[in-house]
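There are 2 protein chains.
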Amino acid sequence: MTNSVLVEVLRGAVVESAHRGAIAVFEADGKPVWEIGDTARPVFPRSAVKAIQALPLVESGAADAYGFGNRELALACASHSGEPAHVELAWAMLAKAGLDETALECGAHWPSSHAATVALARAGKAPNALHNNCSGKHAGFLCTCVHAGIAHRGYVKSGHASQEMVRDAMQAVTGAAHDFDHCGTDGCSIPTYAVPLRSFALGFARMATGVGFEPVRAKAAKRLLSACMAEPFLVAGTGRADVALMEAAPGRIFVKGGAEGVYCAALPELGLGIALKCDDGAGRAAEVMVAACIARLLHADKALTAKLKEQALPPIESRIGAKVGALRPTAALS
Amino acid sequence: MTNSVLVEVLRGAVVESAHRGAIAVFEADGKPVWEIGDTARPVFPRSAVKAIQALPLVESGAADAYGFGNRELALACASHSGEPAHVELAWAMLAKAGLDETALECGAHWPSSHAATVALARAGKAPNALHNNCSGKHAGFLCTCVHAGIAHRGYVKSGHASQEMVRDAMQAVTGAAHDFDHCGTDGCSIPTYAVPLRSFALGFARMATGVGFEPVRAKAAKRLLSACMAEPFLVAGTGRADVALMEAAPGRIFVKGGAEGVYCAALPELGLGIALKCDDGAGRAAEVMVAACIARLLHADKALTAKLKEQALPPIESRIGAKVGALRPTAALS
Chain A
1 MTNSVLVEVL
11 RGAVVESAHR
21 GAIAVFEADG
31 KPVWEIGDTA
41 RPVFPRSAVK
51 AIQALPLVES
61 GAADAYGFGN
71 RELALACASH
81 SGEPAHVELA
91 WAMLAKAGLD
101 ETALECGAHW
111 PSSHAATVAL
121 ARAGKAPNAL
131 HNNCSGKHAG
141 FLCTCVHAGI
151 AHRGYVKSGH
161 ASQEMVRDAM
171 QAVTGAAHDF
181 DHCGTDGCSI
191 PTYAVPLRSF
201 ALGFARMATG
211 VGFEPVRAKA
221 AKRLLSACMA
231 EPFLVAGTGR
241 ADVALMEAAP
251 GRIFVKGGAE
261 GVYCAALPEL
271 GLGIALKCDD
281 GAGRAAEVMV
291 AACIARLLHA
301 DKALTAKLKE
311 QALPPIESRI
321 GAKVGALRPT
331 AALS
Chain D
1 MTNSVLVEVL
11 RGAVVESAHR
21 GAIAVFEADG
31 KPVWEIGDTA
41 RPVFPRSAVK
51 AIQALPLVES
61 GAADAYGFGN
71 RELALACASH
81 SGEPAHVELA
91 WAMLAKAGLD
101 ETALECGAHW
111 PSSHAATVAL
121 ARAGKAPNAL
131 HNNCSGKHAG
141 FLCTCVHAGI
151 AHRGYVKSGH
161 ASQEMVRDAM
171 QAVTGAAHDF
181 DHCGTDGCSI
191 PTYAVPLRSF
201 ALGFARMATG
211 VGFEPVRAKA
221 AKRLLSACMA
231 EPFLVAGTGR
241 ADVALMEAAP
251 GRIFVKGGAE
261 GVYCAALPEL
271 GLGIALKCDD
281 GAGRAAEVMV
291 AACIARLLHA
301 DKALTAKLKE
311 QALPPIESRI
321 GAKVGALRPT
331 AALS
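As you go down the protein sequences, you meet chains A and D in turn. Quick note: the first sequence, position 169, residue 169 per the working numbering, numbers continuous. Quick note: the second sequence, position 112, residue 112 per the working numbering, numbers continuous.
Hints are computed from structural coordinates only; laboratory data are not their basis. Warning: the hint list may mix true and false statements.
The list cannot tell twin chains apart, which means a pair is met if one copy fits it or any two copies do.
What the hints assert, rightly or not - Derived SDA-like pairs: lysine to any residue, alpha-carbon spacing no greater than 25 Å straight-line: (1) K157 - I320; (2) K323 - L298; (3) K302 - R41; (4) K222 - P268; (5) K157 - A176; (6) K31 - A123; (7) K302 - A40; (8) K125 - I320; (9) K222 - H114; (10) K323 - G154; (11) K157 - I316; (12) K323 - H160.
Chain A on its own, in the form it takes in the complex:
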């Protein structure tokens, strides 16, 4: 099936580009609330499921043993922009387990924050693995290993105890088999598994409500989502859509973007989980889709809906800062 256009890119009054996609909204008992497009097709969730991947860090007792609060847990679920606060906190998490950045196997890249990149270059420095947007997640993996007495070397590889814990959590939470036929390697070198989009929506409804979980998992899931909602900057960075969405209604909206146009989200007050993917992998369109989707689901709150609808209309500017266009959700979404 061909998914519908959910986001249009306007320049002047002309539609310049268009983005198709699929969206699934589920309750924790498995009831679909709203589905657009093909939600059965397997998709890689990429970084959108970092909160699920962080469950072993909490459930193993490692987070408590190292005294991790909201800030550290938010960073463990983050795709951060490599700003100084992110880098320093990732370093501090590793230090608690007696490690440093040389233990990280995620690779190094320049910060996604342009300002952070310029500042690093101006200081005559180059990025290391702490600047990798996944360094908080990897610090979480490493802390879990050290706490559990597992040799951490090779922790990114399929078959290592660390990734087996992550896979077990992913399968249990989403209810979908994570098999090797649908396994790829993520940008940070860990395995990522393609499963139906709707499974991620169901998984995040469970994460938000704890329905169907043992008490330890229910508590860990709520603690991780609460941490992200309490510290949105640490989950992303300056000017990022995830921060704007979570700050629009503190404690009421959880969102997490992933590469190639994926979002997972949860609305605890409605007991709903959301998962979406832009077919072509465009992050700009996925950001519009998630804002428009949440605006519709939280329509009862008029002030909040107005704010979210504005976030679903990001402007396109020329190099002198003049507004020359905008993205907008199509009727299918609003």
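With chain A's structure known, arrange chain D on it following the hints.
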């Protein structure tokens, strides 16, 4: 009509994302040679038509008056990466007309070359309008104004003599009306007009052959395309797809990418013009489309075709440089 998927993005063995698009290949007499998808829909060509926009620079005599050779003409047609050679040459072009970067109205942005950005920051500098990827085109506009005795202030605006010359050239070459209902503002502040994709394919077949042009225009068009093919680095920059494609067969392939997934190209030996757009605006997919399209059209040259087919399969790498996926053209394209 819904365009077909022309490019798939693989992670492991799974298709992670997909890009739709349309392609038009025309002869200069208006005969369609190959069309995929909706080639009648108006699209903004963006920077893909800079060679047409540079015609007034040559036809007015300004290029000769200022002693511009292949290097300057290539830069006038460029979306450059803001590397030192680009910036210095844009400055030198302006100096020939007694101007400097303060005359540029394109706005400033950090170089698209990451290495150039880091070098600039390390030197404690910030970008100016010379680093704008369009600074060569704008230097061409300004030189044309000064040579013709036209006051250059506001040269980016619709209605200014500079943009009227550009619009006249665009209409004559493409044969399509450029009307205000289909006008938008480009990133560098000049007007851009959405016209059918096939009109750009026809236009570039004419640019390559001179068919249907007065002698002065035919000569100017060939001079501009030849300049780009002789100096591909100046048209783009280090590691860019346009450079790799033009260097694959020197003097035989002209290509120019534009924002939002557009390419225009010409194959002088076959007398063909090519125009394509990725529906969702993704440059990564447009690069695969143009390489695969040219590989098919030049299939008689086996060695060249093999090289182009490899360029149509760019790898996707993890942050440690491991190959974890690739883009590939679909059967519709190959």
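Hints not upheld, ascending by number: 2, 3, 6, 7, 9
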